[in-house]
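For the record, the sequence lines run as chains E and Z.
Heads up, the final residue of the first sequence is numbered 297 in the working numbering, and it's a clean run with no missing numbers.
Heads up, the final residue of the second sequence is numbered 302 in the working numbering, and it's a clean run with no missing numbers.
These are calculated hints, taken from the structure and not from any lab test.
Any given hint could turn out to be false.
[To be verified] Examples of chain E residues toward chain Z, derived with CB under 8 Å:
(1) M36
(2) L88
(3) A103
(4) P121
(5) W190
(6) L224
(7) P228
(8) A266
(9) N269
(10) G272
(11) A275
(12) L276
Everything numeric in this text was worked out from a predicted model, so none of it was measured.
We put the beta carbon where it would ideally sit given N, CA and C, even for glycine.
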Amino acid sequence: MREFLLLDVPMLVAALMALLACGTLGNWLVLRKESMTGDAIAHAVLPGLVAGFLVAGRHSLVAMFTGAACAGVAAILLAGWIRRTARLEAGAALGIVFTTFFALGVALLETQGARQIDLDPNCVLFGALETLFYVPPEAGSWIAGVPRPLWTLAAAAAASVTLSLLASKELTALAFDAEHARATGIVPRWLEPALLFTVSMVVVASFEAVGSLLVVALLACPSLIAAPHATRIGPRFAISLGAGAAITVVGHFLAAYAPRALGAHAALNAAGMIALLLAAAVPLSFALRAALNRRQA
Amino acid sequence: MDATEGISRANTVVALTGCALFGAVAGVVGTFVLARRRALLADVAAHASLPGVCLAFLAGEALGLGGRTPWLLLAGGSLSALLATWCVPHLSRLRGVGPDGALAVSLSFFFGLGAVLLSSIQSHESGAQGGLNHLLFGSAAATTRADLLMLAVLALVVLAVVAMLFKELAAIAFDEMHARVLGLPVRRLDLVLLALLVASVVAGMQVAGIVLVVAMIVAPAATARLLPGSLTTVIALAASIGAGCAVCGVLLSLRYESLPTGSAMTLCAGALFMLTTLVLAGRRWRGATPSTPADAAGRAGA
Chain E
1 MREFLLLDVP
11 MLVAALMALL
21 ACGTLGNWLV
31 LRKESMTGDA
41 IAHAVLPGLV
51 AGFLVAGRHS
61 LVAMFTGAAC
71 AGVAAILLAG
81 WIRRTARLEA
91 GAALGIVFTT
101 FFALGVALLE
111 TQGARQIDLD
121 PNCVLFGALE
131 TLFYVPPEAG
141 SWIAGVPRPL
151 WTLAAAAAAS
161 VTLSLLASKE
171 LTALAFDAEH
181 ARATGIVPRW
191 LEPALLFTVS
201 MVVVASFEAV
211 GSLLVVALLA
221 CPSLIAAPHA
231 TRIGPRFAIS
241 LGAGAAITVV
251 GHFLAAYAPR
261 ALGAHAALNA
271 AGMIALLLAA
281 AVPLSFALRA
291 ALNRRQA
Chain Z
1 MDATEGISRA
11 NTVVALTGCA
21 LFGAVAGVVG
31 TFVLARRRAL
41 LADVAAHASL
51 PGVCLAFLAG
61 EALGLGGRTP
71 WLLLAGGSLS
81 ALLATWCVPH
91 LSRLRGVGPD
101 GALAVSLSFF
111 FGLGAVLLSS
121 IQSHESGAQG
131 GLNHLLFGSA
141 AATTRADLLM
151 LAVLALVVLA
161 VVAMLFKELA
171 AIAFDEMHAR
181 VLGLPVRRLD
191 LVLLALLVAS
201 VVAGMQVAGI
211 VLVVAMIVAP
221 AATARLLPGS
231 LTTVIALAAS
241 IGAGCAVCGV
251 LLSLRYESLP
261 TGSAMTLCAG
271 ALFMLTTLVL
281 AGRRWRGATP
291 STPADAAGRA
301 GA
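Given only the sequences and the hints, what does the whole structure look like? Please build it.
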């Protein structure tokens, strides 16, 4: 029981908060057909993050977020400029920009960072959920022992839920008919940049803990799982977050305990397991809908 | 591993030749991939080779061939990459998923599976020395002679196929309507292009790494497209730019030991592309400033 509280609970809370943060915003991205933008941002923020850490040390949240936000915004602007100037399709422009940024981040990390800031490229991809355990402080309140990434994740989740609730009407208009929404002025001009900015913040906060792979899965998959079952925004959010949470919990326990049940010692990568289950749930969800429709008919 | 020790084992000339061949192949195949708007599919294919490679590693261990049998890793990686690219059109046909969502779902599933398998191999005692870690970001220094030989064979096969089917591939890539009117088997040719893409991705896996290999497919081809010339000129340019960037990347990563080869190659290719775009934009700006975007597009098309 003690082991469960100290080891499993912080990991689960971290994964669930990442789901809340990414899953909520992911619904808007998926509706706008921008699932891969999340992937691009998740790669592009790395050099900013590493540079922030190098300048101000591993524990400076301000440096981390400033650096990452600059890199994220720069990448999006650069991709737009390339698309127009080189007349390249959007996917290729994004592809070139985010791989170059990510390569720069990895190069910085490997040549400068590895010793100073303990963050290795493997963690950047696959996360470090396994390191988020609770260490009870010797003195003082229990709060001091909570791993730092949990707080950044909580802030990210709060930001993405707040934005979605406050601007749900405008974001819905933007998601279903962007041209019309822009032309009629229903949507304030700052909203689209604000959405992108929040996505980069949430991606940064999440990826330190869960890795870029799981960030991509959390942005795209929950919303697509809900797609065949809900046509209205409210139910779609509810189903995506509910199903996403259930899958996250299952994935966590499968990664932690399945090898033990088979007699091996080490655990499997939790972020990978959750990502793979979320992705597998998408076609299954569509199949379930088809089966239900057939029974009703 | 020490870079100098690695490179003396697979001597420098061989390593550079192998990488240059890979760069050239990536540039050639990339030109078609780019024209057919499959840049992000190439990214998914590269990431999706990880689970296949891991399974091949485990199979090699189990069969007593040793985990790092090049042809086995190659077969495994190609199979899972092909499977992932096969999934994408099926997923994108589902209502509300679209091409974008399909790519994200396929990427999450296959790369997630790869992460799980990789973690199980790393917890295995022999896995630590297996060198699968290098596959993520690439390492020319850790490549063995067998790897390079395999890379060279693969590169030559891909180039031979492109040379044989040049007209057909160019037709489907640049003018699909025309290809259909001519009665070419568009779907089958599309599969050939996909196979070529997967072959060049897995060929580059060792040196460029799974995560960044897509940059070598897209960036040199995109740079070549910016320069004027016929299709054959563009392809030749893409091949030489790819080879040049690959060689620069290898040299940089040998000079700065801890710099992964994949990152170095990607930085070279990306920087060259952005520089070319900048020069182009500067020239266009210095010329008569176009009054409308349509005007600008028209002038560029001419």
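message: Would the hint on E/G272 be counted as holding, given a Cβ-Cβ threshold of 8 Å to chain Z?
response: holds (3 Å)
message: Quick check on E/M36 please, does its C-beta sit within 8 Å of some C-beta on chain Z?
response: Cβ of E/M36 sits 5 Å from chain Z, so the hint holds.
Restraint outcome when E/A103 is required to lie within 8 Å of chain Z by C-beta distance: holds (4 Å)
message: Less than 8 Å between beta-carbons is the criterion; does E/N269 satisfy it with respect to chain Z?
response: With a minimum Cβ separation of about 4 Å from chain Z (threshold 8 Å), the hint on E/N269 holds.
query: Should the interface hint for E/W190 be scored as holding, given a Cβ-Cβ cut-off of 8 Å against chain Z?
result: violated (24 Å)
task: Report holds or violated for the interface hint on E/L276, using the least CB-CB distance to chain Z and a cut-off of 8 Å.
output: holds (3 Å)
- prompt: Quick one, is the E/A266 hint okay against chain Z at 8 Å, beta carbons?
  reply: With a minimum Cβ separation of about 3 Å from chain Z (threshold 8 Å), the hint on E/A266 holds.
query: Was the hint right that E/P121 lines chain Z, CB cutoff 8 Å?
result: At 6 Å from the nearest chain Z Cβ, E/P121 passes the 8 Å test, so the hint holds.
- request: Have a go at the E/L224 hint: is there a Cβ in chain Z nearer than 8 Å to its own Cβ?
  value: Cβ of E/L224 sits 5 Å from chain Z, so the hint holds.
task: Under 8 Å, Cβ to Cβ, is where E/P228 needs to be relative to chain Z, so tell me if that hint holds or is violated.
output: Hint holds; E/P228 Cβ to chain Z Cβ min 7 Å, cut 8 Å.
- prompt: Under the criterion of a CB-CB separation shorter than 8 Å, is E/A275 in contact with chain Z as hinted?
  reply: holds (3 Å)
field: chain Z contact restraint on E/L88 - CB to CB distance below 8 Å
entry: holds (6 Å)
Figure legend: structure checked against the earlier numbered hints; the only hint not met is number 5.
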